[in-house]
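Colleague: Chain by chain, the residues run as shown.
2 protein chains.
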Amino acid sequence: MAVYTEVPDGDLAAFVKAYDIGEVVSCKGIAEGVENSNFLIRTTKGSYILTLYEKRVNRSDLPFFLGLMEHLAAKGLSCPTPIKASDGEALRELCGRPAAIISFLEGMWPRRPTERHCQLLGSAIADLHIKGRDFALKRPNNLSLSGWQTLVANTKDRADEVVPGLAATIEEELAFLEKNWPQGLEIGVIHADLFPDNVFFLGDRLSGLIDFYFACTDFLAYDVAICLNAWCFEQKSEFNVTKARLMIESYAKLRPLSEAELAAMPILARGSALRFLLTRLYDWLNHPPGAFVQPKDPLEYLKKLRFHQQAKSVAAYGL
Amino acid sequence: MAVYTEVPDGDLAAFVKAYDIGEVVSCKGIAEGVENSNFLIRTTKGSYILTLYEKRVNRSDLPFFLGLMEHLAAKGLSCPTPIKASDGEALRELCGRPAAIISFLEGMWPRRPTERHCQLLGSAIADLHIKGRDFALKRPNNLSLSGWQTLVANTKDRADEVVPGLAATIEEELAFLEKNWPQGLEIGVIHADLFPDNVFFLGDRLSGLIDFYFACTDFLAYDVAICLNAWCFEQKSEFNVTKARLMIESYAKLRPLSEAELAAMPILARGSALRFLLTRLYDWLNHPPGAFVQPKDPLEYLKKLRFHQQAKSVAAYGL
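Going down the list, the sequences are from chains A and B. Basically our numbering = 1-based index in the first sequence + 2. Basically our numbering = 1-based index in the second sequence + 2.
Don't take each hint at face value.
Since the list gives no way to pick one copy over another, a pair counts as held whenever it fits inside one copy or between any two copies.
Here are the simulated DSBU-like cross-link-like pairs (lysine-lysine), alpha carbons at most 35 Å apart as the crow flies [stated by the list, open to error]:
#, residue 1, residue 2
1, Lys86, Lys19
2, Lys133, Lys57
3, Lys19, Lys298
4, Lys19, Lys238
5, Lys181, Lys140
6, Lys255, Lys181
7, Lys255, Lys140
8, Lys57, Lys238
The hints are simulated quantities; they were obtained by calculation from the structure and are not laboratory data.
Using the sequences and the hints given, assemble the complete structure.
Modeller: Next comes the structure, spelled out in structure tokens:
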């Protein structure tokens with residue numbers, strides 16, 4: 003829920019003039035996304051999303067993110083595509099911030115994901131992985147092992163404020179993952195943040211994927227593990243094995259998972275649970291009072307981590 | 003900046019089915035407005051605003067607000083109009099809250115109001131007052147004298163936390179206004195919250211007024227006084243007498259101001275400054291840490307109040 007930058011109407015009109023998208027007739031800040039300022043703009047030609055990239059996004063990563071969206075959209079994946087200005091550039095500047103106009107994608111994200119949503123999601127992840135194979139740019143996942151080490155260092159002194167013993171649990175888990183993190187799995191472009199609010203549906207159809215601002219180059223199967231965490235737990239943190247099975251099976255129909263990927267799934271899911279536990283914990287401990295963004299509960303991911311710690315094999319996920 | 007209620011996609015689709023506006027293809031929470039949850043929805047037939055009325059809005063006031071918008075829109079004022087469901091009702095319920103779908107208004111609110119904006123605004127206020135004359139419902143202004151008394155009682159113990167001496171300044175001002183508040187001025191429907199973010203422009207045209215959720219029955223000239231405060235001070239609180247003059251003159255061309263109204267303008271402006279000082283002070287002292295909404299600076303209105311306290315007559319506003 004965020005609009006960090008106010009865009010004066012005159013500046014907006016001037017900015018939009020550099021594009022062949024008509025004249026702005028309306029501009030509304032959108033209360034979604036926590037990293038950037040997003041506006042839904044309507045012009046005399048159509049609807050678009052204007053994004054101003056705020057501090058948490060590294061400027062040097064933007065060509066990767068925008069290039070990836072363009073690459074995937076060109077290959078027919080339903081995702082927003084950056085609009086180029088008349089000078090051929092998609093990445094420009096507005097109100098002192100990097101800014102881009104991207105195409106508007108119809109659909110709504112599911113507040114209560116169903117089994118069918120998970121099944122459709124599985125195919126979409128595989129489709130993304132396949133269409134991303136020949137994307138030329140690389141971006142290391144800075145929220146994998148080395149990123150977790152930094153986050154642990156920056157949260158361990160105060161983690162027990164959230165729940166006693168949390169710091170020790172996290173340090174043990176990190177040590178385990180450092181020793182057991184898989185090697186040699188297929189690497190490619192992953193979305194890395196495919197939570198329900200980044201997946202749009204229209205009726206019985208998945209209408210598109212949005213928000214590629216955590217995308218990076220990492221194990222493809224890790225993207226599936228992230229979705230196990232983000233989609234397959236119910237409200238009270240019970241794992242819904244049917245959702246997991248449907249998601250993985252529909253993924254594997256398009257891109258078969260190797261034996262090594264299947265075997266690694268519990269570890270990848272533990273890593274993914276630790277990743278969101280750590281970033282949420284960091285935000286929880288560091289959000290300024292009066293901040294626009296309500297921090298998310300880190301303990302939700304502690305519960306998910308505990309589930310994966312018990313998982314002996316991919317059978318825990320219904321396969 | 004606010005979306006207080008999440009609307010599940012299934013509930014939204016069911017809600018919209020009761021209207022003849024097509025099927026929802028997109029729904030975005032809007033980061034504007036501090037009282038209610040607003041969503042920009044697109045359907046197969048067009049764009050609409052969905053509003054869920056939150057706690058601060060009194061349910062029993064909603065027929066006045068929605069009826070007023072309908073009345074004004076029917077008379078040709080450019081403002082949102084409530085859409086009626088197939089059962090003829092505009093006010094319905096969604097996610098346990100009163101909810102309405104209203105028409106979408108093109109235009110953008112000016113982040114940096116110009117003299118021309120103020121001139122166009124003057125005519126729009128007069129137009130609203132004239133078209134509201136035969137609106138049958140009444141709603142007392144609960145943010146006039148009696149409301150200020152309540153707010154003073156609820157803030158005086160802690161007002162000096164914001165700036166020493168503030169409590170005394172406010173109590174003196176309230177005593178002055180109680181003695182000198184005008185009587186017998188023309189009464190009618192006023193908007194009562196015509197800040198720049200509630201007035202849309204498209205190029206050189208005022209395209210409409212929105213957010214009638216403070217509208218009430220009060221002195222028409224008080225609406226002008228509110229706009230003197232909301233539009234005619236520059237960033238560092240200098241009063242821009244040209245903006246004021248243009249606004250009042252264009253207002254008076256459509257609805258001439260009486261001698262009594264002109265004479266009362268400094269007092270009305272003081273009352274309006276006190277009203278926003280008090281509500282901002284209350285919010286400043288009472289906003290919960292981590293709230294979505296950043297409270298606005300009450301001291302801006304202390305400076306404005308000081309200006310009007312010096313005003314000897316309407317000549318201070320350029321007339």
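Colleague: Against each hint, give a clear statement of whether it holds in the structure.
Modeller: Against the structure, the hints come out as follows:
1. In this assembly of identical chains, Lys86 and Lys19 lie within 35 Å of each other by CA distance solely inside one copy; the values are 12 Å within and 38 Å between copies.
2. Taking the shortest alpha-carbon separations for Lys133 and Lys57, only the intra-copy value of 30 Å comes in at or below 35 Å, while the best inter-copy value is 47 Å.
3. Proximity of Lys19 to Lys298 under the C-alpha cut-off of 35 Å is restricted to the inter-copy arrangement: shortest distance 33 Å between copies versus 39 Å within a copy.
4. For the identical chains of this complex, Lys19 and Lys238 are inter-copy neighbours only, at 31 Å across copies versus 49 Å inside a copy, given an alpha-carbon limit of 35 Å.
5. For a Cα distance limit of 35 Å, the shortest separation of Lys181 from Lys140 inside one copy, 25 Å, qualifies, whereas the shortest one across copies, 73 Å, does not.
6. Proximity of Lys255 and Lys181 under a CA criterion of 35 Å is satisfied intra-copy only: 31 Å inside one chain copy versus 80 Å between copies.
7. Only within a single protomer do Lys255 and Lys140 lie at most 35 Å apart by alpha-carbon distance; the minimum there is 26 Å, versus 65 Å between protomers.
8. With identical chains, the CA atoms of Lys57 and Lys238 are at most 35 Å apart both within one copy (34 Å) and between copies (28 Å).
Every hint from the earlier list agrees with this structure, and none is contradicted.
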